[in-house]
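Engineer: Given chain A, put chains B and C in place with the hints provided.
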Amino acid sequence: MVADNTPSADNAQETSTPEGSGRARKVRFRIKRCEGPGKPVYWQTFAVQTEPGANIISCLQKIAEHPVTVEGERTTPVTWDSGCLEEVCGACTMVINGRVRQSCSALIDRIAPNDGDEVVLEPMSKFPVIRDLWVDRQRMFEALKKIDAWVPIDGTYSLGAGPKESPETQATRYVLSTCMSCGCCLEACPQYLKEEDPAKWDSSFIGAAALSQARLFNLHETGKQGRKDRLDALMGPGGVSECGNAQNCVKVCPKHIPLTESIAAIGRAVTVHSIAKWFTGK
Amino acid sequence: MSAENRVIVVGGGLAGLAAAVRVAEAGLPVDLFSLVPVKRSHSVCAQGGINACNEVARQQGYSEYQHFDETIYGGDYLADQHPVLEMANWAPKVIDLLDRMGVPFNRTSEGNRDLRLFGGSLFKRTHFAGATTGQQLLYALDEQTRRYEAEGLVKKYEFWEFLWPVTEGEGEGRRCVGIVAQDMRTMQIRPFRADAVVMATGGCGLVFGKSTNSIICNGGAAARCYQAGAWYANPEMIQVHPTAIPGADKCRLMSESARGEGGRVWVPRKKGDRRKADQIPEDERWYFLEEKYPGYGNLVPRDIATREIFDICVNQHMGVDGENQVYLDLTHKDPDYLTRKLGGIMEIYEKFVGDDPRKVPMKIFPAVHYSMGGLWTTFTPGSYTPETPVGEHKPGMVPPVDAQPGHGLAIGAPNNSMTNIDGLYAFGEVNFAYHGATRLGANALLSCIFDGLFCGVSVVNFVKGDRVREAPAESLPSQVFDRFVEQEEAKVKKLLDSVQMRGEIAPEHNGYTIANELGVEMNAACTVVKTEGRLKKCIEKVRELRERYSKVVMSDSAAWSNQSLSFVRATGDMLVIAELIAKASLEREESRGSHYRLDFPERDDDRFLKTLVGEYDPASDEHKISFREIDTSLVKPRPRTYGRVDAKPQDKKEAVAQS
Amino acid sequence: MSEAKSSDKGSGQSFLARHHFLFRRLHSLTGIVPIGVFLIAHLTTNSSILWGKFAGHAPEGSSVLQGGAHYFQEEVHWIHNGIPHLLLIEITLWVSIAFHAGLGFIYAKTGRSNATRYAYQDNWRYTLQRWSGYIGIIFIFYHVATLRWGWTFLIPGGTKWDHNFASSTLAAALQGSYDGFTMGGLLVSALYFIGVTLLVFHFANGLWTAAISWGITVSEQAQKRWGAVCLVLGAGLMVAGWSSIVGFLLLDPAEAEEVERMLLKERGTESAVIVPDAPARIETAGSVEQP
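Residue numbers (our numbering), protein chains in the order written: chain A, 49 to 330; chain B, 21 to 679; chain C, 2 to 292.
With the rest of the complex left out, here is chain A:
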């Protein structure tokens, strides 16, 4: 973003970059662009002078400051979504060199180590593009509503502690609970397809993220109360049976959430639930 100044008593905060990263050099960014829904898709290439420690975000920031293509054509700044820049908010997910991931943790020295290397940026393909690299992932949040992804507490007033929990259960739940709704698992899933019509979201495959969240809440002592509703929701169209076991989800998950275990766990739960329901009617 800015050149580092020499530190002095006055210059409190100019910081050095971590050592070991590469030299300053030029990297080309080929970016898939689109000005909005229904607008044509086009590609533009930018050359960016990168500094040591640069990531996709810092390069996109430079493009925003000087939106000029390699052909010397002035254009508009590239639009993209970002937030925390430390891979916990999930906002800056995009397809980088053909693979979905967060752009903040995509360090230039690793993905484009040589001078003149090209980095290809595309928006996620499973969600409607808002503009350029910015997509609308509302469907993910709607999915969380479908599975009642919350603990049904009696309100927020002081009513004592929650249930005790073993460190093992905590460890299991914690990992599941680090899901940041980034959508990597859905982008890589062959069974999760783009659906622009919100009316069809309910019956289209819900995807690994929400399935794993259902497991998270079923594991909680109080969350269990909503277990049957969650399982009923996941037995219908768009539910767990739509999983094709390609297992890409677990491989692209930046938080290493055991998504395939979650899917299997939900599979087991619905198996038992459906049999119980058939015999008991509950």
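Because the hints were derived from the structure by calculation, they are not lab data.
Check the hints yourself; a few may be wrong.
[Claimed, not checked] Derived DSSO-like pairs (lysine-lysine); straight-line CA-CA distance at most 27 Å:
id: 1; chain 1: B; residue 1: Lys312; chain 2: B; residue 2: Lys290
id: 2; chain 1: B; residue 1: Lys561; chain 2: B; residue 2: Lys514
id: 3; chain 1: A; residue 1: Lys248; chain 2: C; residue 2: Lys225
id: 4; chain 1: A; residue 1: Lys303; chain 2: C; residue 2: Lys225
id: 5; chain 1: B; residue 1: Lys556; chain 2: B; residue 2: Lys571
id: 6; chain 1: A; residue 1: Lys242; chain 2: C; residue 2: Lys110
id: 7; chain 1: B; residue 1: Lys353; chain 2: A; residue 2: Lys303
id: 8; chain 1: B; residue 1: Lys371; chain 2: A; residue 2: Lys74
id: 9; chain 1: A; residue 1: Lys299; chain 2: B; residue 2: Lys379
id: 10; chain 1: B; residue 1: Lys371; chain 2: A; residue 2: Lys303
id: 11; chain 1: A; residue 1: Lys87; chain 2: B; residue 2: Lys513
id: 12; chain 1: B; residue 1: Lys668; chain 2: B; residue 2: Lys312
id: 13; chain 1: A; residue 1: Lys276; chain 2: A; residue 2: Lys212
id: 14; chain 1: A; residue 1: Lys272; chain 2: B; residue 2: Lys113
id: 15; chain 1: B; residue 1: Lys175; chain 2: A; residue 2: Lys194
id: 16; chain 1: B; residue 1: Lys557; chain 2: B; residue 2: Lys571
id: 17; chain 1: A; residue 1: Lys248; chain 2: B; residue 2: Lys175
id: 18; chain 1: A; residue 1: Lys193; chain 2: B; residue 2: Lys175
id: 19; chain 1: B; residue 1: Lys513; chain 2: A; residue 2: Lys303
id: 20; chain 1: B; residue 1: Lys371; chain 2: A; residue 2: Lys299
id: 21; chain 1: C; residue 1: Lys110; chain 2: A; residue 2: Lys299
id: 22; chain 1: B; residue 1: Lys556; chain 2: B; residue 2: Lys514
id: 23; chain 1: A; residue 1: Lys212; chain 2: A; residue 2: Lys248
id: 24; chain 1: B; residue 1: Lys571; chain 2: B; residue 2: Lys484
id: 25; chain 1: C; residue 1: Lys54; chain 2: A; residue 2: Lys299
[Said to hold, decoys possible] Derived coverage of chain C by chain A (criterion: at least 3 residues anywhere in the stretch with Cβ under 8 Å from a Cβ of chain A; other residues may be distant):
id: 26; region: 71 to 79
id: 27; region: 216 to 225
[As the list claims (entries may be wrong)] Cβ-to-Cβ under 8 Å is the rule here; a few derived chain B residues that face chain A:
id: 28; residue: Pro57
id: 29; residue: Arg120
id: 30; residue: Pro124
id: 31; residue: Ser129
id: 32; residue: Gln156
id: 33; residue: Tyr159
id: 34; residue: Glu163
id: 35; residue: Gln164
id: 36; residue: Arg167
id: 37; residue: Phe372
id: 38; residue: Thr533
id: 39; residue: Val573
id: 40; residue: Asp576
Where is the CB? At the ideal position from N, CA and C, for every residue including glycine.
Structural biologist: Relative to the frame of chain A, chains B and C by itself:
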């Protein structure tokens, strides 16, 4: 309360969501505005934990009162004492609630909530979920909010930008009756009516360029309220976190919990020692914090640790490899233990630096982290009124007041956490009240949630009150709102009219360049060490930037999802807040907490044990700075040394070893 | 939108959607029972052409293949005459295959393979599972139509399978004629090789995924372990399938026919079965020597 009453919450972090849930729970519909899907709010970045007195600590002599005392002492007496007392009293209940919501707090083998040590305390009183506590708390509140959303009581406006508070009336009687907001996708600008508006918009780290904050923490919303007449208090109090990893786009936080779990800060004793860390023997390592502060050691409050690290690197040139960096060493701890307790930050370090901090000491340097200052708010004191302020509270002493709620604040008083504009509230980081001149680690999550829950009731009561009943926002003529919509549309028009699609935009008038220069300048002048000369230079520079900004040229005229518009518009607001921060820093001629003036190195209670309040005058575009008395009727100010070895003996606070 | 809402969980939904879960699980189940079980039995029986001599009661001095043909013919005979309710079993099997294949097509349509972009082994198997289904069902149709229904025009040599002459007619069908390989025979053999391979893969992989879908293997380790089991099973079936093809390709139809004829005679004296003179083959001038 009529059926049409509504409440607006701006910001979907911990404070905003807690408020939304509490208000919705009372049956009032909430419109929740956020720049991002609320699950991606900046609270997600909080790592270390959340403080609360607990049974284990209590049986070692700790208490809610001590938590309160620590917070006041840590904040160098600049915090409002009543709200802090109430917050400390509620803290254990807040933890219980979060526990009920399903937050996966780390557990002991028996299944109790595990605790860790944190800065500014000698007791383990920090509850945590790995090293992503903020994320876990945010998700729990996000889930509860979604529950109300599914029920129809909360309506989310995500990717909407708050532009301006809508107010009616003048002076004392001025009341907030809604907001103007813009859909960042369709670019539609429209007013929203509400009987109360809660600002829960966080801090302003982006004013300092690279900080530990998210890209959305530009302070724009608070700056807009400030320009609309809300007071802004203690803007000069900016926390610089001692341990972050510098990056090209931001500085990434390495949680204080790293030190809480045993991390040690050191540099080689020999200047210019180029050996690798593991080749430097123990006696040739300088654990400068432990040496200087034998009681608190690496867990002195952040401002102190930051100044010490800064001194080592910048003044003594003792930084590792001659650079501005010191070691934060965890390599003596069991790797599995580290993964279990600190997995989140271990991973961040590995991903962004490439080294495994379980094997190689981390290299860190301070970075801007938190704004203690923010919108000024008021409150109604509770029942606790000691005849004289209580002196130092030491562990094991009987607290002067028990932990019953209502001692610090009057529960449900409509003005709790309300700004000087009626019906306009400030919760969380954007509220100045809780942390004084330095925030203790793991107190931020608490203050955010406490504000949302406790003062959420105040919002409900305000809406139920006479003023709203007589003139609900719904009943007001549309002109009240249209005026502000026109104002915002005019701003947008001016920016869009500046768009130039040919040739190079001169750097002087490039919004992005202006923002970058602002960050560099503010970082250099208004963070760890401040001097009159440098601050004056900074004010001049910000003036220059504001001048340049008035002729800013945009590079995107799109009427759809125009991100540049949003950024450049916020840059204008950042400049206003930056100017206020610099001016306030200049006005406060003392050193207190995070605010360190080289030319006034001592705390000056006689002149400055006061809240600095900025008031914006739109006519002159000037900041009117005044000082307001702080009510110190609960705790008597004492020197804040944290048992530093070279402190004057009478000033030294005994560091009491824990059993 | 409102239309979709109203049909959310009501009768407006398709029959398939209303019984979504049941159909999904039945689809999975039928793949294992009866289809998978049948596949195991079928391939085991067929492969006896190579190992039957060592298990059966082939006359002294028989070659491996003669012994195999002997054993195989006895097996086929037992299947046709020894298994009760054969028709019912067959109907169940046909219905299951039709059901499994039909739903399989519908389900496969819900996904879009991306194995080239995310080229993981698991992802390739996902893709292959679908393709093996498509090709496998075509193969099964071909297999049944020619050997069972006698659609001889689909076989280059026009040879028709006869359960009384199980080995010889099968060998001839694979080889293209009773006198050795023809080009068409090679084509048929290749088709069998591909078809059997894909179907075995489809079954073994399906068995692996079914364990996840049903929630039998939950942990990653369990999935790995079950994967190993499926791999071994799949490899075994693959060996059985391939050895059947190899066995029947190596088998001399004439030699086999002698064995079969002998068996027929034996049986003819014991039972009332009418011994046909010749296998029900289409005569192709001069190509077949009448005994």
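Engineer: Decide, hint by hint, whether the structure agrees.
Structural biologist: Hint-by-hint comparison with the structure:
no.	hint	in the structure
1	Lys312(B) to Lys290(B)	18 Å, holds
2	Lys561(B) to Lys514(B)	24 Å, holds
3	Lys248(A) to Lys225(C)	35 Å, violated
4	Lys303(A) to Lys225(C)	21 Å, holds
5	Lys556(B) to Lys571(B)	23 Å, holds
6	Lys242(A) to Lys110(C)	14 Å, holds
7	Lys353(B) to Lys303(A)	23 Å, holds
8	Lys371(B) to Lys74(A)	22 Å, holds
9	Lys299(A) to Lys379(B)	26 Å, holds
10	Lys371(B) to Lys303(A)	12 Å, holds
11	Lys87(A) to Lys513(B)	24 Å, holds
12	Lys668(B) to Lys312(B)	13 Å, holds
13	Lys276(A) to Lys212(A)	22 Å, holds
14	Lys272(A) to Lys113(B)	23 Å, holds
15	Lys175(B) to Lys194(A)	17 Å, holds
16	Lys557(B) to Lys571(B)	22 Å, holds
17	Lys248(A) to Lys175(B)	21 Å, holds
18	Lys193(A) to Lys175(B)	13 Å, holds
19	Lys513(B) to Lys303(A)	43 Å, violated
20	Lys371(B) to Lys299(A)	16 Å, holds
21	Lys110(C) to Lys299(A)	24 Å, holds
22	Lys556(B) to Lys514(B)	31 Å, violated
23	Lys212(A) to Lys248(A)	40 Å, violated
24	Lys571(B) to Lys484(B)	46 Å, violated
25	Lys54(C) to Lys299(A)	49 Å, violated
26	71 to 79	violated (count 0)
27	216 to 225	holds (count 7)
28	Pro57	6 Å, holds
29	Arg120	4 Å, holds
30	Pro124	4 Å, holds
31	Ser129	6 Å, holds
32	Gln156	6 Å, holds
33	Tyr159	6 Å, holds
34	Glu163	4 Å, holds
35	Gln164	6 Å, holds
36	Arg167	5 Å, holds
37	Phe372	7 Å, holds
38	Thr533	6 Å, holds
39	Val573	12 Å, violated
40	Asp576	4 Å, holds
In this structure, the hints that do not hold are numbers 3, 19, 22, 23, 24, 25, 26, 39, in rising order.
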